[in-house]
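*Asks:* Those sequence lines, one after another, are chains L and W. The numbering used here puts the first residue of the first sequence at 19, with every later residue one more than the last. The numbering used here puts the first residue of the second sequence at -8, with every later residue one more than the last.
It should be emphasised that the hints constitute simulated quantities derived from the structure, not laboratory data. The beta-carbon is built from N, C-alpha and C at its ideal position, and this holds for glycine as well. There's no promise every hint is true.
Said to hold, decoys possible - Derived Cβ-Cβ restraints for the label pairs, each shown as a range:
1. W/A260 / L/V24: 39 to 47 angstroms
2. W/K292 / L/F331: 53 to 61 angstroms
3. W/K114 / L/A143: 27 to 35 angstroms
4. L/A143 / W/K198: 31 to 39 angstroms
To be verified - Part of the chain W face toward chain L, derived, beta carbon under 7 angstroms:
5. D167
6. Y195
7. Q207
8. F223
9. L236
As the list claims (entries may be wrong) - Selected chain L positions facing chain W (Cβ under 8 angstroms, derived; list incomplete):
10. W57
11. T63
12. A67
13. V123
14. D174
15. R176
16. T188
17. A192
18. G194
19. Q195
20. A226
21. F267
22. A319
23. G342
Residue strings, one per chain:
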Amino acid sequence: MERSEVRSLYLLAVFLACAYTVPFLVGAWAGTVRFDERWLGNLATVVVAGVMQGGVYAMFALGLTLIFGVMRIINAAHGEMVMMGAYLTWVCFFYLGVDPLLSMVLTLPVAFLFGVAVQKLLLNAVVGQPELTALLITFDLGLTMIYTAELIFTTDFRAIPYAPGTVHLTRTIAVGQNKVISFVLAVVISTAVYLFLKLSRLGKAVRATALNAEVAMVCGVDVRRIYLITTGFGAALAAAGGALVSIQFGFNPETGVVYTLQAFAIIVLGGRGNYMGALIGGLMLAVLENLVSLMVPNGTAVVELAAYGLMIFVLLIRPGGLMGVKEG
Amino acid sequence: MRSTPTLAGALVALLALGVVPARAGHRPNNEVLVGGAISLTGQYAEPAGRQVNSIRLWVDDVNARGGLLGHRIALRLLDDKSDIQTSIKLYEKLITEDKVDVLLAPYSSGITEAVANVTERYKMPIVAYGASASPIWEKGRRYIFNIVAVAETFQKGAVHLARQIGVTKLAVIGQDSLFPRQAGKGAKDWAQRLGIDVVLEENYPTKQTDFTALLQKIQASGAEAVISNSYFADAAAQLRQMRELGLNFKLYSSTVGPALPNFAEQLGATAEYVLGFSLWEPLPGVLGYPGMKEYIERYEKRYGEKPNYHAGGAYGALQVTEAALKHVGSFDSEKLRDALATIEVQTVFGRYKVDAKGMNSHEGLTFQILRGQRRVVWPEKWAETKAELPIPEWSRR
Chain L
19 MERSEVRSLY LLAVFLACAY TVPFLVGAWA GTVRFDERWL GNLATVVVAG VMQGGVYAMF
79 ALGLTLIFGV MRIINAAHGE MVMMGAYLTW VCFFYLGVDP LLSMVLTLPV AFLFGVAVQK
139 LLLNAVVGQP ELTALLITFD LGLTMIYTAE LIFTTDFRAI PYAPGTVHLT RTIAVGQNKV
199 ISFVLAVVIS TAVYLFLKLS RLGKAVRATA LNAEVAMVCG VDVRRIYLIT TGFGAALAAA
259 GGALVSIQFG FNPETGVVYT LQAFAIIVLG GRGNYMGALI GGLMLAVLEN LVSLMVPNGT
319 AVVELAAYGL MIFVLLIRPG GLMGVKEG
Chain W
-8 MRSTPTLAGA LVALLALGVV PARAGHRPNN EVLVGGAISL TGQYAEPAGR QVNSIRLWVD
52 DVNARGGLLG HRIALRLLDD KSDIQTSIKL YEKLITEDKV DVLLAPYSSG ITEAVANVTE
112 RYKMPIVAYG ASASPIWEKG RRYIFNIVAV AETFQKGAVH LARQIGVTKL AVIGQDSLFP
172 RQAGKGAKDW AQRLGIDVVL EENYPTKQTD FTALLQKIQA SGAEAVISNS YFADAAAQLR
232 QMRELGLNFK LYSSTVGPAL PNFAEQLGAT AEYVLGFSLW EPLPGVLGYP GMKEYIERYE
292 KRYGEKPNYH AGGAYGALQV TEAALKHVGS FDSEKLRDAL ATIEVQTVFG RYKVDAKGMN
352 SHEGLTFQIL RGQRRVVWPE KWAETKAELP IPEWSRR
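Extracted from the complex, chain L is given alone in its bound form (with noise of 0.2 angstroms):
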């Protein structure tokens, strides 16, 4: 490892001890912070719903790195994408009666297809191109869906009353079933994610392809077809979390924007096309807006300054993101 590099890990890690700080500096301050039993119980159950929230978002922020990774090509739809999920888990509830974690055996596909038909239609005219042109292109797309869910579902909220009950974790410590599940499940398939690109064959070749396109097509990766496969995975992953975040909360078809946000503000911090990154990114980013919320006193009102001031001050100190490698 270079000087510069482990200079910039230290200056990192001074950074972030000091930005988990700050909250508790305030609160004691503001005397909204006050150890006893019962406030220590607050906090733990806000950082533990922190870290179950990281969690979905950071499997649906990967199906958005995976895609950036193996295409340069950022995905402007894919929040709607997680939105399209959320709506085929509702209507596989409501319409057909289906589990929501059932009903992931039949939109997932359907979602797979989805991304391969976008794939197929759109994305392989643009990559390659100028990363302008694929913001465009799927910012668009992003567009048609939501008119388009608008058109089917009008842009009334819909919610999914599903495991409304509470899991006590300790006495203090309580959080919602629906949180628990998704969270399990959200660590499941991110898992099976992962161990299919680091072990299966076509997951390795979908990292060659990520590594440099051309050298894979020499080796003979159809790297056509792990375009089509990237896409389908990046869509599926994004419905999954479409189911995970329908049985917490609200959504219509406008929805979809706040998810693309998130995604993208995790791949970015957490680094451009890694994995891992993502997964930290996700935790970081909900436990932070958790703790601001909680001890802050109106905290709530910035809790995305501090989420995006915290991602500002990691690129300053490390460019690539936290998990990132050096960029040129």
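Got chain L; can you put chain W on it based on the hints?
*Replies:* Quick look at chain W alone, frame taken from chain L:
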């Protein structure tokens, strides 16, 4: 180039005279153009959509009885996408390019506040039906009127009910935008007047979906009741997460969410006992406003659901506009403005008579969701039933 000075001179002369483009009667088929930009898509699409229902109903009603002052109405509704900047541009376009004769109001306090600057500049009067933030009427504007009650009164009933059940510590939370902030300010004032301590006051970003940390903070503050100045998604998320986290409060009141028809339906049992505010309910037997029963019947026949207060307010405002136009006898916007400032009209939504600032003294009602139905619980003169408070704990429901 020689004509330039003449042209410029003519323009200056026009501006000096304050010439308003000729209105009405200049359109093919003797039509009058009624138009506005409203949130057909975006975060406000749900409440605004119900207002659009009423607008379309009113247009057809008026056309069926011979039109506005004998002119058939052509309706032009544009989509502001729930976005302030888009709305400003569209109103500029409606006034200067499309040259509408009668302007319709947008939805939400934030957008109305921005649009009021445009309508003020072009001296086009509007009767707002989707804006409750009083600051809009405290800037000396002359061309904007209101039919609904101001935001500060939205939580009045809930705070009174909290007092009745002996709540001493209150949390006031709300979305970080104009209307919820004003509603929060009103709630705080009422709490102070009634001797209730506001132990937590917090706003959250409009896109917030996870309220775990905020709810933990409320619990840590010792608040017994929650006044939430929220719309649909945020109120729904707060309730679901309270249930998931097993957090119990004696009272929970949300400004907008519970008043939307599908709130109780989408949330099921989680929505029970929630207090909501309504500017109006489709209860002719309780409110007894003239024409109300017929309006509700026609609306329900056409849209398959009873109108909510968003719909009722829009229809009422349009009745006011129609009455004022009849009073004036022309589409002269200056005369229309004067009529709107002085006229008294009985609408399906209640009485319209504005004060010097342009605000109507409309009285709303507080309801509680009980067994899936919205039941009026405050003020007492309109109460259908007694409020069931404090809310039973989640574990006993």
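*Asks:* Now tell me if each hint is right for this structure.
*Replies:* Comparing the hints with the structure gives:
The hinted window of 39 to 47 angstroms between W/A260 and L/V24 is violated, with their beta carbons roughly 56 angstroms apart. Our hint of 53 to 61 angstroms for W/K292 and L/F331 holds, since their Cβ atoms are close to 59 angstroms apart. Roughly 51 angstroms separates the CB atoms of W/K114 and L/A143, a value that falls outside the hinted 27 to 35 angstroms. A C-beta distance of roughly 32 angstroms is found between L/A143 and W/K198, which places it inside the suggested range of 31 to 39 angstroms.
A least Cβ separation of about 5 angstroms between W/D167 and chain L falls short of the 7 angstroms threshold, and the interface hint therefore holds. For W/Y195, the shortest C-beta to C-beta distance to chain L is roughly 4 angstroms, which falls under 7 angstroms, so the interface hint holds. Hint status for W/Q207: holds, given a least beta-carbon distance of 4 angstroms to chain L, under 7 angstroms. At about 5 angstroms, the closest approach between the beta carbon of W/F223 and any beta carbon in chain L falls short of 7 angstroms, and the interface hint on this residue holds.
For W/L236, the suggested interface contact is upheld, since its CB lies about 5 angstroms from the closest CB of chain L, less than 7 angstroms. The beta carbon of L/W57 is positioned within 8 angstroms of a beta carbon in chain W (closest approach about 6 angstroms), and the interface hint is therefore held. Given the 8 angstroms rule on beta carbons, the hint for L/T63 holds: about 5 angstroms separates it from the nearest Cβ of chain W. Restraint check, L/A67 versus chain W: the minimum CB separation of about 4 angstroms is within 8 angstroms; hint holds.
At about 25 angstroms, the closest approach between the beta carbon of L/V123 and any beta carbon in chain W exceeds 8 angstroms, and the interface hint on this residue is violated. Residue-level restraint check for L/D174 holds (minimum Cβ-Cβ distance to chain W is 6 angstroms; threshold 8 angstroms). Look at L/R176: its Cβ gets to within about 7 angstroms of chain W, closer than 8 angstroms, so that hint holds up. Against a cut-off of 8 angstroms between C-beta atoms, the interface hint on L/T188 is violated, since the closest Cβ of chain W lies about 13 angstroms away.
Annotation: interface hint on L/A192 holds; nearest CB of chain W at approximately 5 angstroms, less than 8 angstroms. The closest approach between the C-beta of L/G194 and any C-beta of chain W is roughly 3 angstroms, which is under the 8 angstroms cut-off, so the hint is satisfied. Given the 8 angstroms rule on beta carbons, the hint for L/Q195 holds: about 7 angstroms separates it from the nearest Cβ of chain W. Look at L/A226: its Cβ only gets to about 38 angstroms from chain W, farther than 8 angstroms, so that hint breaks.
A hinted interface residue such as L/F267 counts as satisfied when its beta carbon comes closer than 8 angstroms to some beta carbon of chain W; here the least separation is about 5 angstroms, so the hint holds. Given hint, L/A319 at the interface with chain W, holds; its Cβ is 4 angstroms from that chain's nearest Cβ, closer than 8 angstroms. Interface restraint check: L/G342 against chain W, minimum CB-CB distance 27 angstroms, threshold 8 angstroms, status violated.
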